[in-house]
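Knowing the structure of chain A, use the given hints to seat chain B on it.
The listed protein sequences derive, respectively, from chains A and B.
When the letters of the first sequence are read in order and numbered with this note's numbering, they come out as residues 957 to 1051.
When the letters of the second sequence are read in order and numbered with this note's numbering, they come out as residues 871 to 1354.
No wet-lab data here; the hints were simulated from the structure.
Among the hints, a few may not be true.
Stated by the list, open to error - No more than 30 Å apart at the CA atoms, straight line, and that leaves these computed lysine-lysine pairs for DSBU-like:
#, chain 1, residue 1, chain 2, residue 2
1, B, Lys1204, A, Lys1034
2, B, Lys961, A, Lys961
3, B, Lys1315, B, Lys1132
4, B, Lys1118, B, Lys977
5, B, Lys1156, B, Lys1315
6, B, Lys1204, A, Lys1048
7, A, Lys966, B, Lys1204
8, B, Lys955, A, Lys1034
9, A, Lys961, B, Lys1220
10, A, Lys1034, B, Lys977
11, A, Lys966, B, Lys1247
12, B, Lys961, A, Lys966
13, B, Lys928, B, Lys903
14, B, Lys955, B, Lys1220
15, B, Lys961, A, Lys1048
16, B, Lys924, B, Lys934
17, B, Lys1315, B, Lys1277
18, B, Lys1220, A, Lys1034
19, B, Lys1132, B, Lys1277
20, B, Lys1204, A, Lys961
21, B, Lys977, B, Lys924
22, B, Lys1162, B, Lys1127
23, B, Lys1152, B, Lys1261
24, B, Lys1220, A, Lys966
25, A, Lys1034, B, Lys961
26, B, Lys1277, B, Lys961
27, B, Lys1145, B, Lys1156
28, B, Lys977, B, Lys961
29, B, Lys1152, B, Lys1162
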Amino acid sequence: MSLDKSEVEKIAWLARLAIDEQDIPDYSDELSNILELVERMNSVNTDGISPIAHPLELSARLRTDEVTETNQRDHFQKDAPLIDEGCYLVPKVIE
Amino acid sequence: MHQSTLAQLSAALESKQISSEELTRLYLDRCKKFNESLNCFITINEDEALEKAKQADKQRAENKHTSLTGIPVAQKDIFCTNGIKTSCGSKMLDNFIAPYDATVIEKMNAAGFVTLGKTNMDEFAMGSTNETSFYGPVKNPWDSERVPGGSSGGSASAVAARLSPVATGTDTGGSIRQPASLCGITGLKPTYGRVSRYGMIAFASSLDQGGPMTQTAEDAALMMNVIAGFDERDSTSAEQPIDDYTEKLNDSIEGLKIGLPKEYFSEGLDSNIAKIIEDGIKELEKLGATCKEIELPNTELSIPAYYVVAPAECSSNLSRFDGVRFGYRCDEPKDLSDLYTRSRGEGFGKEVKRRIMIGAYVLSAGYYDAYYLQAQKIRRLIRDDFQNSFKDVDVIAGPTATGTAFKLNEMMDDPVSMYLSDIYTVSVNLAGLPALSMPAGFVNKLPVGMQLIGNYFEESKLLNIAHQFQQATDHHQQIPEGFE
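Just chain A, with the same shape it has in the complex (with noise of 0.2 Å):
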């Protein structure tokens, strides 16, 4: 699998990453190699086998729908870039 510049270019919006232009050569190159290493996968048949996610297959455990969590907001925000009142700041999104 060969990725050209405009797969690149794709898939780093998917991900919401700017990158540089003259850079884009160098990752097509990288992003190439690591598919077809991970293309190896294709050399053996699954059919008929069942995929899992979770190692120990445990499903998700269940809890009452409780408050356990007291609201801390002016605390988690003292990360923040850019706060006003408790909201966050972001680039005006509509006209």
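Just chain B, lined up with the frame of chain A:
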């Protein structure tokens, strides 16, 4: 005193041979002195550590202590530490002061451990050399031109150089065991779910597991007694009761059946390493174990499957870093999309971006079945291989890494070669099994680790075997020149 194990320091504090404050000062001095050359700490918490040490001495004077109260520890910078910078080795979190403690940190604090600082690591734990860190590479104390391994390279280097008696690590594809092997220390990756992931910055959630990095198996057992156990704040935490991990350390290993996977001793293994591992196995035989060859036929597929599962989960986990709520934010974003893409593009390093992109690709429309689903099926094959083996043997032994520590810059431009070097470690994570690396000897004055893989929740058995091995050998007692 700095050559002491956790067990010995506990005894020294108990007998009032030394106070926690004196001990903490001694280690802080070593950290400050050697960090310039080794770069194993991102943050050294001198003031907080001394304050905690004084508290520990007070607790001991008032008889309100545990056996480990007042002993210093180094924490991998992937664990959130309330009020202390938690960077995960990334520019993205260079300004992040964690607002809460990870469960591992909470438990260690409650046991009285004194945190010396936060250790350097590959960015977001993605790497096998510690060179992807935003804070620069860590050096291996056995040879300063070599890497300590990764991703828990700072922790491994700090324990090997005796800058801290013990440290924490995390292991997603070998990140505790491989640096333990390359630095000549003991490292245990517990069963998936045995140690809480709460507050441990997520890389690949179905693979990540925290664990101890120590000089000895006994110390790893003492640390497991503190950090293991069910945590309702971790949705995949195991509910099984925990062992007293020290209880079986002194059991005889007479009659133990060890499986040697032929795939782990094939052409990819350096012949000098193979010799060390074979000698180590003979030592275990002398202690009464018997060995037989086994097969793990899907070992080759573990790397490709891992490099689908781990990037897929990382691309999802790392989507939280968006420049809005915490972490790095680019200057003067022109719109929301520019804010997201530039904050992420500028905040993440190259290896992290590669993995996020691979993950986004394999999860994208039209490719899911060919990549992610196929990888999850192979994951079952790998797990079944191990389960079949455990019908015949108690434990599996082999090398931890294909070689000794790499030279700095050797792997940086070739991610695929770096990935292939994880061949003996990643299948354990895909299967969720516990595994340990222990010092087994040296090649050209560089340490070599032997790996022991156990069945689910059999950490006590691995620690027992390693402890018995360490009673009969002295590889784990070797200290690199200049750090004695």
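Now for the hints, and whether the structure bears them out:
1. Using a Cα cut-off of 30 Å, the hinted pair lysine 1204(B) and lysine 1034(A) holds, with the two alpha carbons roughly 24 Å apart.
2. A C-alpha spacing of about 27 Å is found between lysine 961(B) and lysine 961(A), which places the hinted pair at or below 30 Å, so the restraint holds.
3. The hinted pair formed by lysine 1315(B) and lysine 1132(B) meets the criterion: a straight-line CA distance of about 27 Å does not exceed 30 Å.
4. As the CA atoms of lysine 1118(B) and lysine 977(B) are separated by approximately 23 Å, the hinted pair is consistent with the 30 Å bound.
5. With a C-alpha separation of about 25 Å, the suggested pairing of lysine 1156(B) with lysine 1315(B) holds against the 30 Å cut-off.
6. About 9 Å separates the Cα atoms of lysine 1204(B) and lysine 1048(A), which keeps this hinted pair within 30 Å; it holds.
7. Distance restraint check for lysine 966(A) and lysine 1204(B): the Cα-Cα separation of roughly 21 Å lies within the 30 Å cut-off, and the hinted pair is therefore satisfied.
8. Restraint check for lysine 955(B) and lysine 1034(A): the C-alpha separation of about 13 Å stays at or below 30 Å, so the hint holds.
9. Simply put, lysine 961(A) and lysine 1220(B) have alpha-carbon atoms about 17 Å apart, close enough for the 30 Å limit, and the pair holds.
10. Of the pairs offered as hints, the one joining lysine 1034(A) and lysine 977(B) holds, with about 25 Å between alpha carbons and a cut-off of 30 Å not exceeded.
11. At most 30 Å may separate the alpha-carbon atoms for a hinted pair to count; lysine 966(A) and lysine 1247(B) meet this at roughly 28 Å.
12. Proximity of lysine 961(B) to lysine 966(A) is assessed by CA-CA distance (about 25 Å); at most 30 Å being required, the pair is judged to hold.
13. As the CA atoms of lysine 928(B) and lysine 903(B) are separated by approximately 28 Å, the hinted pair is consistent with the 30 Å bound.
14. Straight-line distance between C-alpha atoms of lysine 955(B) and lysine 1220(B) comes to about 22 Å, which keeps the hinted pair within the 30 Å bound.
15. Restraint check: the Cα-Cα separation between lysine 961(B) and lysine 1048(A) comes to about 26 Å, which is no more than 30 Å; the hinted pair holds.
16. For the suggested pair lysine 924(B) and lysine 934(B), the alpha carbons sit about 14 Å apart, so the restraint of at most 30 Å is met.
17. Under the criterion of a C-alpha separation no larger than 30 Å, the hint pairing lysine 1315(B) with lysine 1277(B) is consistent with the structure, at around 14 Å.
18. About 28 Å separates the Cα atoms of lysine 1220(B) and lysine 1034(A), which keeps this hinted pair within 30 Å; it holds.
19. With a CA separation close to 28 Å, the supplied pair lysine 1132(B) and lysine 1277(B) stays within the 30 Å bound.
20. Between lysine 1204(B) and lysine 961(A) the alpha-carbon distance is near 25 Å, which keeps this suggested pair within the 30 Å criterion.
21. Restraint check: the Cα-Cα separation between lysine 977(B) and lysine 924(B) comes to about 19 Å, which is no more than 30 Å; the hinted pair holds.
22. About 8 Å separates the Cα atoms of lysine 1162(B) and lysine 1127(B), which keeps this hinted pair within 30 Å; it holds.
23. Annotation: proposed proximity of lysine 1152(B) to lysine 1261(B) holds, straight-line Cα distance about 23 Å (limit 30 Å).
24. At most 30 Å may separate the alpha-carbon atoms for a hinted pair to count; lysine 1220(B) and lysine 966(A) meet this at roughly 17 Å.
25. As the CA atoms of lysine 1034(A) and lysine 961(B) are separated by approximately 18 Å, the hinted pair is consistent with the 30 Å bound.
26. Between lysine 1277(B) and lysine 961(B), the direct Cα distance comes to roughly 25 Å. Compliance with the 30 Å bound is thereby established for this hinted pair.
27. The straight-line distance between the Cα atoms of lysine 1145(B) and lysine 1156(B) is roughly 17 Å, inside the 30 Å bound, and the hint therefore holds.
28. Simply put, lysine 977(B) and lysine 961(B) have alpha-carbon atoms about 28 Å apart, close enough for the 30 Å limit, and the pair holds.
29. As the CA atoms of lysine 1152(B) and lysine 1162(B) are separated by approximately 12 Å, the hinted pair is consistent with the 30 Å bound.
Violated hints: none; the structure is consistent with every hint.
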